[in-house]
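Two chains, two frames, a set of hints: combine them into the complex.
Keeping their order, the protein sequence lines are chains A and B.
Terminal number for the first sequence in my numbering: 328, no gaps in between.
Terminal number for the second sequence in my numbering: 393, no gaps in between.
Simulated from the structure, these hints should not be mistaken for laboratory data.
Treat the hints loosely; a few may be bogus.
[As the list claims (entries may be wrong)] Ranges of calculated distance between the beta carbons of each label pair, as one might list FRET restraints: (1) B/Q366 to A/R250: 53 to 63 Å; (2) A/Q50 to B/A273: 31 to 41 Å; (3) B/G120 to A/P35: 18 to 28 Å; (4) B/P357 to A/Y164: 32 to 42 Å.
[As the list claims (entries may be wrong)] Output of the computed footprint for chain A on chain B, the stretches with three or more beta carbons under 8 Å from beta carbons of chain A: (5) 34–43; (6) 166–174.
In this text the structure is predicted, and so the values were computed from the model without any measurement.
Glycine included, C-beta positions come from ideal geometry on N, C-alpha and C.
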Amino acid sequence: MTAADDIMLTGLGARHPLGGVEALAAAPSGALTLPTAARIEDGIPIRCRQWRGLGYVDRTSMRLIEVLEGLGGRPATDKVADIAVGAAFGTFYGSQRLNEEMLAAALVRGPRTVSPLDFSINTFNSPGALAAMRFGWKGLNATLLSCAGGSEAVAYSALQLRRYRVQVVYAGGYDELTDFLECALRAGGPEPARAYAEATVALELTRRETATRLGRTPLATYAGRVSTGASDARGYGELMARIRATEVWRGAPRTLVLDGVGGDRTHPPPNGERWECTTQTQAHCLGASGLAGIPRAVSELRAGNADVCLTIGGGLGAGLIGLLWAQP
Amino acid sequence: MAIRVVITGLGAVTPLGDVEAIWRALLGGETRFAPRQPRHTDPLARPPLLQAFSDAEWRDLEAGRTSGRVGILAAIAAQRACVDAGLSDTERRSSDLVFATTSVGWPSGEADFRRYHQRGAEGLDAGVARSRATAATEAVAAALALRDVYGTFSAACASGGLALGYAADLIQAGVTRRVLVGGADALADVPLLGFANLRIVSAHGCRPLSHDRDGMTLSEGGAFLILEAQDEARAAGRQPYAEILGAGGSCDANHMTRPHAPGVLQAMRQALAEAALAADDLGAINAHATGTRANDAEEATAILALYPLASPPVTAIKSVIGHMQGAAGVFASLVTCLMIRSGQVPPVRGFSRADDPRLTVAAEAQTLAKPFVLTNCFGFGGANSSIVMGAAP
Chain A
1 MTAADDIMLT GLGARHPLGG VEALAAAPSG ALTLPTAARI EDGIPIRCRQ WRGLGYVDRT
61 SMRLIEVLEG LGGRPATDKV ADIAVGAAFG TFYGSQRLNE EMLAAALVRG PRTVSPLDFS
121 INTFNSPGAL AAMRFGWKGL NATLLSCAGG SEAVAYSALQ LRRYRVQVVY AGGYDELTDF
181 LECALRAGGP EPARAYAEAT VALELTRRET ATRLGRTPLA TYAGRVSTGA SDARGYGELM
241 ARIRATEVWR GAPRTLVLDG VGGDRTHPPP NGERWECTTQ TQAHCLGASG LAGIPRAVSE
301 LRAGNADVCL TIGGGLGAGL IGLLWAQP
Chain B
1 MAIRVVITGL GAVTPLGDVE AIWRALLGGE TRFAPRQPRH TDPLARPPLL QAFSDAEWRD
61 LEAGRTSGRV GILAAIAAQR ACVDAGLSDT ERRSSDLVFA TTSVGWPSGE ADFRRYHQRG
121 AEGLDAGVAR SRATAATEAV AAALALRDVY GTFSAACASG GLALGYAADL IQAGVTRRVL
181 VGGADALADV PLLGFANLRI VSAHGCRPLS HDRDGMTLSE GGAFLILEAQ DEARAAGRQP
241 YAEILGAGGS CDANHMTRPH APGVLQAMRQ ALAEAALAAD DLGAINAHAT GTRANDAEEA
301 TAILALYPLA SPPVTAIKSV IGHMQGAAGV FASLVTCLMI RSGQVPPVRG FSRADDPRLT
361 VAAEAQTLAK PFVLTNCFGF GGANSSIVMG AAP
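Chain B on its own, in the form it takes in the complex (with noise of 0.2 Å):
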């Protein structure tokens, strides 16, 4: 018989606060964004929009660890995941560990590469080693004592929906039977400059989907969510979020910036195939959206030509909780959980007026009329990955 994968815990640490913080924002609370300058060049003439730890906070969070920004805020969030889903010890060190990351290391290696490019190879020393890529992943392994790690997925910001869905195989096939999956990305001055040169950052505020959005706004977290084998939650006693029915990927193969309709419909429909479901029984949408010109006209027209008449309710976090990069798809699925429990759609914060009516954007927070709900995210490269969830059996 197959083996159902359901998700027993959330842990997330971010600029608004932790998963409820999360959650309360979305419904309506206030959010963060504030101009932030690259903080080791020369300044922009117009500094991004920018939801980011203040140098206070990030003391709190730092205090006692040494792993580099990823890794701290990583290991935090999988912590808090493992307390939410009320693992015990032994429960923690037999799980797993699956990661997601795109900026990995980079804002720990930025200040090593500067120190090389001043100094020469006399500028490091034995701290270098946290600008490795897999920083980040061997400081959650190692601060929760975990038993193996099954990967450090990097395809630009679709890293979190490929780890899940990862994750979700490997317990289906019987390889584990508890995964930790979690993303974490933290801000560098490469990131900023570089999205900020491409021209999709916006000057005013992320506005997912809405006719008028004018680009992204960045920000900076980490988020887990625990995998469980159904039998070995019940077992447990614990009470699951949501149940992983399916998962979708696929590549554009078209540009490296630019989504593309095709390739986005793709991973919806194959992540709907193996739920099993068909397009009807969704009853909402959490799309990626990053509010640029370009991402969202692509994934509308996914999604329409799913739904030639009207789409289900689609919402979007991002002018909530920022871009998250590489641990995008984590916080959306993150929020998909949350949606699936509370019954509650979350409002696309900022949206106006969608370019196409029939597309169904939640411009108000709203029930979920059915249980079902597919996560999209995409990435640079033409990653895409979706994710379908339902409630809990």
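Only chain A is shown next, with the shape it has when bound in the complex (with noise of 0.2 Å):
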């Protein structure tokens, strides 16, 4: 493999009941201010259903599309043919607020108030679909369950660009929180209550050749992926030990931890790496956990204060994902 095969993060987008992307790479500080549930106010209504173009989109497809339309919704242009665009997302609970709603219309009014037209758009991958019908990404299109799932799908997406399936991945992670899902989180959740946000975060990523003959601006290297099955004490030792043994930790003198899923708890005693928890000003992202945190780890390798930084998401049964970005 050669530096014209490594991985670029050439552009990035977000939504957090904080704001955006700059909201996002705030450093960690004092006390979260968030509520526990922390929701999305940008406009679009609770049970949202539109047309955009061609396709029938609800609250969390909306949102995606807006994110990844002020990435720039790119590319299919004459330089990369659309066929080689791919996607793909991870997500905790996906599309489920549909799921939700045509359940309690058939306890309520009966089977034939199942919408069509809900159930068209309700599995976890109608999100990651319907931006595909949006800007006409006709690559790989895959979709990832759990907490775990948006740093899962980067991961998935880096291998596809190695393999010459697709050129440029658009990658990412969304969630958002319903009366149900907040609910049953607090009541069974493998692990203790936290704060939880809504999130959508998106990546484009693309081989450092591709980047360069569509005229990117690098933001970061993806440097690798490491990962545990879980997501307590035992399971950060377990993933710093791992991240501590690649050539590119040992190698950076200066290396940050974005923690997304920690908050609190205790982690490893940091081993000459910087430890932030995202979590005390973002609370923790669902499906965008650990993605949440790269805005931050972009800001820091740009403004030279890191060389390395490791972005983590997981929790919830997820166990652990590390994702490390290296200067670009």
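Okay, here's the thing in structure tokens:
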């Protein structure tokens, strides 16, 4: 593999109760100011259903499409055929609000009131599919579940780029909170209750050679994935042991960990690395956990405050997944 | 040198039985489709045909397990695959997991939501954790003490094919040496009602690729494949069922529920290109073929774009095992392994005549003339996946 095959982060968009990319890039400090289940107030109605071009979209899909539009909604340019643009997103709850509403309708008003239109967009992959319809992306389109799903989607995308199945991938994570989900998380989660926030994070990823050809400015280099099956103190210990064994981490003088899972949990003592718990300002972002720390990672890399950053996502039974980001 | 990926173990749990029972049924055995109402809502005027576990069968499967319906199906199938491959405890514990599902959690989540709908938050208890989308993945990883999880794919009914392709990628990239890749799905009320209201459920039983087809028939179950680096399997003395030669994927970017031939064709071409095979090298195609008017017409158009004169034998399994939703691609790949090992192409149950005579549908069981088979699976959202497998070296 040559340097031309390096996987580059060339675009970043986000929506969070705190704001967009700039808000997420701010350093975590002090106490969490968000409510324990923070919703995004961006004017999209909770029960939104709209025709967006050819697509019938709900709130989750509409927000993802808007974030991608902000990112440029690219490409399908003359330089990259639409067939070579893929999408991979991670989510914990997907468009399951629709499942809730359809089941409630069936229980109250009978089976015929389950809307075929709603049913057609209730699958976990519908936001990614609707984005592909909106932008004409005809490459691989995958959705990965769990709170590690967004980070898994980035790792999956990198492998698809390296295999030349696609030239550009829009990857990321999204989730919205419903009243039922909030209650369910409090009632039966495998871990102690904590604060959760809706979030949508989207990344544009491509190989260095393609980035150059398209005239994109790289923001960071994707430098690998490490994971563990547990998200407790043992899981953190294993994750950091594996991270510290990687060449990119060992060779970096200044390293920064951005933990999007642990909050105030005990993590292993820092071993030379700087450690920030993004959950202290962002809360846990479910399927976008970990990814919500990437704006901060990019900010620190660009400012020259870190040589390599680790963003940690996961939790809620999904274990931990760390993504490594290096200077572009 | 490139790492070759082989399949060394198969496991399944379905209303028809295990892997052997599936193969017997495909070659002419009995099916178990029967009308069934949604359980917890007003009855439909015409209950759909389904292939489901009886209550007594389910009690046996569930005994001692608490992980929810999808998780139970997945864990049983995964355990059977490990036994089939003859994995030692050490080998199993050093294996990784890639999983696929679509209605995930909602067979359990629906019950939780009904309690919430009736009694509010007070109706929820610790068991609601089973509602989590990845509860099934966690159940398999925990039951088999697997090393790591590399993702739970949920691209509707294309999930299984994408999971299989990624599992092969991970081995070829040297990330891991062995992956358990599987899928499971169970029947829940919302999908039953949704498919019925979309009017794509068959009244008479699914007849894939047949000109008189009138829709799909849903089913439930779990299936797992053990994927290994070829040298790993050889060192352990395992005889592979088949080798994975190529994977292709695409998105139609066209319609949420109706497949689109150009996208399907793209996935098939990509898989063939990765396998370094020409279309004429294939001995058979194991089609997605749900039995809906739109799916089978678009898939046939894509196949005939590869074969303008006559296709190789095309088979389809959903009139025997039903549509396994997110697990469909894993079930189809499992059957492809059996086709390659046995050298047989199973017939398409219920087939009478194709829309286009150039599509050579396997109306009877026949010999697999060439040891390469392409397997398709597609899903809502225009997700397409194709996998090419060949006889193991």
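- prompt: Which earlier hints turn out false for this structure, listed by number in ascending order?
  reply: Structure breaks no hint.
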